[in-house]
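Between the sequences and the hints, there should be enough to build the whole structure, so can you do that?
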Amino acid sequence: MTHWTILPIVVPALTAALIVLLARQDLVLQRFLSVLSALAVFVISVGLVVHATGNPPYSYELGNWPAPFGIVLVLDRLSAAMVLVTMLLVLAVLIYSFAGWDKRGRHFHALFQFQIMGINGAFLTGDLFNLFVFFEVLLIASYGLMLHGSGATRLKSGMQYVVVNLMGSSLFLVAMALLYGVTGTLNMADLALRVGQVESGNLALVQVGALLLLTVFAIKAALVPLHFWLPATYAAAAAPVAALFAIMTKVGGYSILRVYTLIFGEHAGDIAWIAQDWIMPAALVTLVVGMFGVMAGRSLRDLICFSVIGSMGTLMVAFALFNEAAVSAGLYYMVHSTFIAGALFLIAEMVINGRSDGQDTLAFGLPLHREALLSGLFFLAAIGMVGMPPLSGFVGKLLILDGATGTPYVAWIWVVILSTSLFNIIGFSRAGSILFWKSQAEAASQSGPSVPMESVSRKDNGHGPESGLGISSAAFLLGLIGLLTAFSGPVSQYFDTTAAQLLDGRPYIEAVLGSDALVESGFGSSPEADGMEDGLGEEGDMQ
Amino acid sequence: MEMLVSSGIGLIAACGVYLLLRGRTFPVILGLTLLSHAVNLVLFSMGRLNVGLPPIISKDATGYADPLPQALVLTAIVIAFGMTALAVVLALRGYLETGEDSINATRSETAEQRDPS
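Heads up: the protein sequence lines correspond to chains A and U, in order. To convert, count from 1 in the first sequence and add 10; that's my numbering. To convert, count from 1 in the second sequence and add 41; that's my numbering.
Keep in mind the hints are simulated off the structure, nothing from the lab. Worth double-checking, as some hints may not be accurate.
Where chain U lies over chain A, by a calculated footprint (3+ residues, C-beta under 8 Å) [what the hints assert, rightly or not]:
1) 140–154
2) 180–193
3) 495–503
All C-beta atoms in this analysis are idealised placements derived from N, C-alpha and C, irrespective of residue type, glycine included.
Below, the structure is given as C-alpha cells:
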C-alpha cells in the first residue's frame, strides 16, 4: 500500500508531460497515451477502493516528512470512492472526445490529463494548502479545456469563469491565512485538533476563516447565490468538457463535506457545525432556483445546466444535515448526479448536431438523424436526472428524504425536494416532447413528408451522432447508472460506513498524526464534545 | 507597525474590489492583481510582523520568524502571476474577436449565438 496512493496524481501528471513533449504532432499516439493513463488510474482506483473498504484510513507522507510538518495524502473510504467515480466519468468522456473534439485544438489530451491530476489530488490531499494548489491545477487545466476550440461566446464566458475563480482563489488564501495565523497549522487533521482549543479571543478569526472557506467551496459547488458562473460556462464549453466539469462541482461538495465534518465538526467546541446554518438555506434555495431554471430554460443546454445546479442543491441539502443517514444518501446521490449530468451533456450535443439547424433552442425542427436511439437515450437520462423510478436518482432522493426525517428541517426538505422534482419532470418532458415528438408533426405539416432526410444539410463537424463512439460513451454512463441502481444495496452500505467514518473523524486523525496525538489532545473524549455527538450525530437514528 | 500594515492591506483590497466591479476587462484584471497583492500581504503578515529574526535554528537567536508563510506566499505569487497573464491574453483575444472590452454579454455575442461558426 506504500506508494499506490500517490499514483492517481503522478500518472496523469507524467502522461500529460509525455503527451506535450513526445506526442505533440501525433494525435493517435496522444489518444493512446491518454487512454492508457486513464485505464491505469482506473485500475489503481479500484484497488484503492478495495483497500479502503477493509482498512482504516491510510496516510501517505510526501517526502517522508512526518505529519503536521510535511504534506500528507489521505486515503479513506470517501477519497477512494471519489477517485473511482472520477475515473469512470473520465473514461466515458475520453472516448467521446475521440469522435472529433480532440482534433479541434491543440493540447486537448495534455490539458485533460492535468485536469484529472488536479481532481484526484483535491480528493486525496490531507493538507489545506495542498488542496488550494490542486484546486489551482484543476482550474488552470479547466480554463484551457473551457476555451478549447474557441469562439467568441466561449471566450466571453471563459473570461467570466476565470475571473470568478480567481476571486475564489484569493478568498481561499485569506481564509487559510486566518486559520494559519491562529492555529499555526494547515494540516487538516492537526487543524481538527487545534480548532477546538482556540482561546475565545481568537475565535472570531477562526470563524471568519471558516466561513470564507465555505464561500470558496460554495463557488465551486455552484450554491446560490454563487452559482452565476455555472450556466454560462457549462453551456458554452464543448460537450466532453462540460461532461467532465460535472465532477468539478462535486469537488466543491466534497471539500465542504470533508472540511466541515473533520475540522469544524462536532469536536470544534464553540464553532462546531458552523457550516450547517449557512449551507441548509443556501442549498434549499439552490434547489428551487435550479428547478425554476429548468422550467424557464430556452435551450437544451440551459436546461441541463440548471438541472445540474438543482442536483447540487439536493446534494448539499443532504450534506448539510450532517447526520449519518443523510450524508450517506448524499454521497450516493453525488455518484448518481455525476454520471447522469455527464451523460446528459453528451446526449445533448448529439441531439443538437442531429438537428437540421444545429441549434439547441427548444423549438420545433425537422426530424433528427437516428431519432429513435437518441430519444431513447435522452429519455433514460432524463428519468435519471429528475429522479423518477426505477433509476438511481429515485433511490438517491428517497434515501435523502429518509435521512431528513427526525431532523428540525424535515418539513422544508420534503416540501422543497418533492415539489421541485415535479418542476423538473415538467421541464424535461416539455423539452423531450418539443425535440422529439413535435419535430415530426411540424415537419410533416410544413414541407410534407417528401423532404428526404439526406437532403437536410447537417453541420458536418466530424463528431456527429454518426460516429458510434458518442452513442457508446453515453450508453456507458447510462449503464453505470443502471449498475448503481441494481447494486444500490452494497453501494449505500459502503457509503453508510463512509459517512460514519467521516462524522467520527477520529480514524482520520489517528491515521495522520498517530493515536498519541489524539489521546494527548483529548479529542472527542471531553464530556462536552460527547454531548454534542449525542445531540447531532444520532438524530438520523431517532426514528 | 501592525496598524500601518493592516490599513495598507485594507486600502489595497478595497481598491481591488472596486476595480473588480467594473464592467470592462482591463480594470477587472487590474483589480484582480491588486487583490492578489493584498492577499499575499495578508498571508505574509500571518507569520507575525518581525524584523531581523532568523527563520532557521541558530544558537544565538532570541526569536524566530515563521518561514512557512513565506513559502506559501511564494506559491501564491507564482499562481497569481500565471493567472494574471492568462487573464490578460483572454481579455486581448476577446477584444480582438468581438471588438469590445466588456465583461458581459454583448450584441456581437448574441449574434454569434444565433449563428455559431
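Any hints from earlier that this structure breaks? Give me their numbers in increasing order, please. 3
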